[in-house]
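Participant: Sequence lines, in order, name chains A and B. Using this note's numbering, you'd call the opening residue of the first sequence number 1 and step up by one each time. Using this note's numbering, you'd call the opening residue of the second sequence number 1001 and step up by one each time.
Derived by calculation from the structure, the hints in this document are not laboratory data. Treat the hints with caution; some may be incorrect.
Computed, partial: chain B to chain A, Cβ under 10 Å [what the hints assert, rightly or not]:
1) A1132
2) T1159
3) E1160
4) E1179
5) I1215
6) S1216
7) A1219
8) A1246
In silico DSSO-like links for lysine-lysine, alpha-carbon gap of 27 Å or less [unchecked claim]:
9) A:K113 with B:K1019
10) A:K44 with B:K1161
11) A:K265 with B:K1019
12) A:K265 with A:K235
13) A:K237 with B:K1241
14) A:K190 with B:K1161
15) B:K1151 with A:K161
16) A:K289 with B:K1244
17) B:K1161 with A:K39
18) A:K267 with B:K1035
19) A:K130 with B:K1099
20) A:K51 with B:K1154
Think of the CB as a built atom: it goes at the ideal place given N, C-alpha and C, for glycine as much as any other residue.
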Amino acid sequence: MKFLIFSDSEDSAKQVMTFLRGKGDFVLSSTERNESISKYGAQKVLLLEGKPDPKGIASILSDEFSNGGYDYILIASTVLGRDIASLFSGQKSLEVTPEIFDLKFNETTVITKRYGLGGKAVLEEESKSKVFTFLTGISEDVPGDGVSPKETRSIPEGAVKILEIEMKKEKEVNLEKANIIVAVGRGLGKKEGIQQIDPFVKAVKGEFAGSRPVCLDYHWLSEDRQVGYSGRTVKPKVYVALGISGQIQHIAGMRGSKVVVAVNKDKNAPIFQEADYGIVGDLYQVVPKIMSHL
Amino acid sequence: MPYDIIVLIKQIPDLELVKVDQTTGEPITEGVPFKLENLSKNSVEAAVRIKEKNGGKVSAILFGNERGTQVMKEAYAMGVDDGYLITGYTGNNPTLTAKVLAQKIKQLHYDLVVLGNQSADSMSGLLPGLVATELNVPLLPNVISIDTAEKIVKASTATEKEVIKLETSMPVVISVTQETNEPRFPPVLQIIKAGKKAINTEQSSIKLDSTFRTISRKAPKSDRKRLTFEDVDKGAQEVAKVLKEAM
Ligand SMILES: Cc1cc2nc3c(=O)[nH]c(=O)nc-3n(C[C@H](O)[C@H](O)[C@H](O)COP(=O)(O)OP(=O)(O)OC[C@H]3O[C@@H](n4cnc5c(N)ncnc54)[C@H](O)[C@@H]3O)c2cc1C
Ligand SMILES: Nc1ncnc2c1ncn2[C@@H]1O[C@H](COP(=O)(O)O)[C@@H](O)[C@H]1O
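Chain A with its partners taken away, still in its complex shape (with noise of 0.2 Å):
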């Protein structure tokens, strides 16, 4: 089998040629420079110089796929490469499995697992499906044997003009690393929230991490700390969330965490279905509580 692959996130790129080892051969295609992606054991790595231009990468893989005798595409389900792979698909009229975090091979048929009812269910299909957009997470990182040879492609332009492009600032965060998480949500009410929490984050040892509104929307904290569906996937020894409602796009990203605890002035709110312990209060007054004990 023979494996064509896409992704512009350098951590998910690892994980799938990790994946793939020993199922196939398999190419890289990546906008990502990182020396460090070409030591997965890929036959060759294409890297894709230009403006990121999603209906000018789908024509390059369009190409790539067809004369490079692929069975399979696997595009990483980043914002980018969910564009990607749905044009890539309508392009071709070629069938696409979403979102996938397992893939067995059969004869002639897949078996892939993914969310549905957005994480409330976990469906398990077989399809003929060629194409998949992959979630982060499919497997661990594990570096393979050589260097895989390089070559460049250049994106096309198309209609759509690129004028400009930023980038947010990376801090490096490690999540993935913490033994107590402490997550704060849309009830943390106001930006100087985090202060307030801080001395209590500092008190465990823990790290700061919030929900999607939080960290897109408001700013109240870095982007690279949202957990949920759309962004990390983290599995603490004790994940706090304080004024979380529990919607289960951020359930999906901190399910795997030993125990949870949940502060929140809903006693209704689904977060106290996902918890182990959960407060009902003010997360103003119960922290302190909380810190008291300490």
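Keeping the supplied structure of chain A fixed, place chain B with the ligands upon it in accordance with the hints.
Facilitator: This is chain B with the ligands only, laid out in the frame that chain A set:
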């Protein structure tokens, strides 16, 4: 200048009301009321704001089933002018949905087609590219802001690492993110008016074979203790104990 705007909206079961059948482990959706899908709401809001600023008309298309009229009325109350309900939806099949929606869109005049970048239930994120391909018009994906000037659209799009400024000319397909706007809660009067407004309904004629077969559909396991304290002092004590062990 006034624009003809089409917004694509989806009906989904109210996910908060979906319970799990304890014997089969499967989520139960029968009897759960439908609502306007989250990102479809952001799309309606975006479309209505463009209309309010520039004039024009907003038409909504929903590929769903008979129960979708409720959802269309939600969209009317938010400011949609015309609604097309296409029945015959039998489940998530993005390729089919894109073909059905594109067929209807082509019958209408449009400058902008607005839809969500990733829906809250199936989360496939495939419709934007598929619809743009079917229509053969450019896609402005994952936008966080939209600006129009005559036949030109400028938008900012956000990926994990960067904010990108884009420009293209109409007609165009725009997919919006949750962060684009805060959807409005329509006033009661609007809701009453919306309830009386007619909906154009037709049956979908497109058939498409799919190779998909569902093997199982189970709720993910959750075996939390669910100890909920209304006595804050007692709860705080328990939680402090747990934290001290993990530190
Ligand atoms: C495709 C898709 C992907 C998504 N991905 C993610 C994701 O990765 N991560 C994510 O988090 N969300 C994600 N979402 C959004 C998700 O659906 C919810 O909108 C979001 O999680 C809600 O955030 P929240 O709990 O902070 O806010 P809310 O739902 O508004 O909840 C706030 C809670 O705070 C409580 N509260 C208020 N004041 C106080 C107080 N003083 N003390 C204690 N409690 C208080 C309230 O009772 C309420 O329960 C996604 C949605 C979609 C459609
Ligand atoms: N059945 C449908 N009818 C109309 N619009 C839809 C339908 N399904 C999805 N959409 C639109 O496409 C967006 C993305 O959905 P998806 O690609 O399924 O994640 C949604 O937010 C809607 O705006």
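Participant: If a hint holds in the structure, say so; if it doesn't, say that too.
Facilitator: To see whether the hints hold, each was checked on the structure:
Interface hint at B:A1132: satisfied, since its Cβ lies 7 Å from the closest Cβ of chain A, which is below the 10 Å cut-off. Against a cut-off of 10 Å between C-beta atoms, the interface hint on B:T1159 holds, since the closest Cβ of chain A lies about 4 Å away. Of the supplied interface hints, the one on B:E1160 holds, with its beta-carbon coming within about 6 Å of a beta-carbon of chain A, less than 10 Å. Checking B:E1179 against chain A by beta carbon gives a least distance of about 5 Å; that is within 10 Å, so the hint holds.
Because the smallest distance between the Cβ of B:I1215 and any Cβ of chain A comes to about 4 Å, under 10 Å, the interface hint for this residue holds. Hint on B:S1216 holds. Least Cβ distance to chain A is approximately 4 Å, under the 10 Å limit. For the restraint placing B:A1219 at the interface with chain A, the shortest Cβ-Cβ distance is roughly 6 Å, inside the 10 Å limit, so the hint holds. Look at B:A1246: its Cβ gets to within about 4 Å of chain A, closer than 10 Å, so that hint holds up.
Restraint check for A:K113 and B:K1019: the C-alpha separation of about 21 Å stays at or below 27 Å, so the hint holds. In summary, the hint linking A:K44 to B:K1161 is supported, as the alpha carbons are separated by about 25 Å, within the 27 Å threshold. Note on A:K265 and B:K1019: the hinted pairing holds, with a Cα-Cα distance of about 23 Å set against a maximum of 27 Å. Between A:K265 and A:K235 the alpha-carbon distance is near 25 Å, which keeps this suggested pair within the 27 Å criterion.
Under the criterion of a C-alpha separation no larger than 27 Å, the hint pairing A:K237 with B:K1241 is consistent with the structure, at around 13 Å. With a C-alpha separation of about 25 Å, the suggested pairing of A:K190 with B:K1161 holds against the 27 Å cut-off. Distance hint between B:K1151 and A:K161 is fulfilled; the C-alpha atoms sit about 14 Å from each other, no more than 27 Å. For the suggested pair A:K289 and B:K1244, the alpha carbons sit about 14 Å apart, so the restraint of at most 27 Å is met.
A distance of roughly 23 Å separates the Cα atoms of B:K1161 and A:K39; the hinted pair therefore holds under the 27 Å criterion. A hinted pair counts as satisfied when its Cα atoms are at most 27 Å apart, and A:K267 with B:K1035 qualifies at roughly 24 Å. As the CA atoms of A:K130 and B:K1099 are separated by approximately 20 Å, the hinted pair is consistent with the 27 Å bound. Among the hinted pairs, A:K51 with B:K1154 is consistent with the structure: their alpha-carbon atoms are about 17 Å apart, no more than 27 Å.
The earlier numbered hints are all upheld by this structure, with none contradicted.
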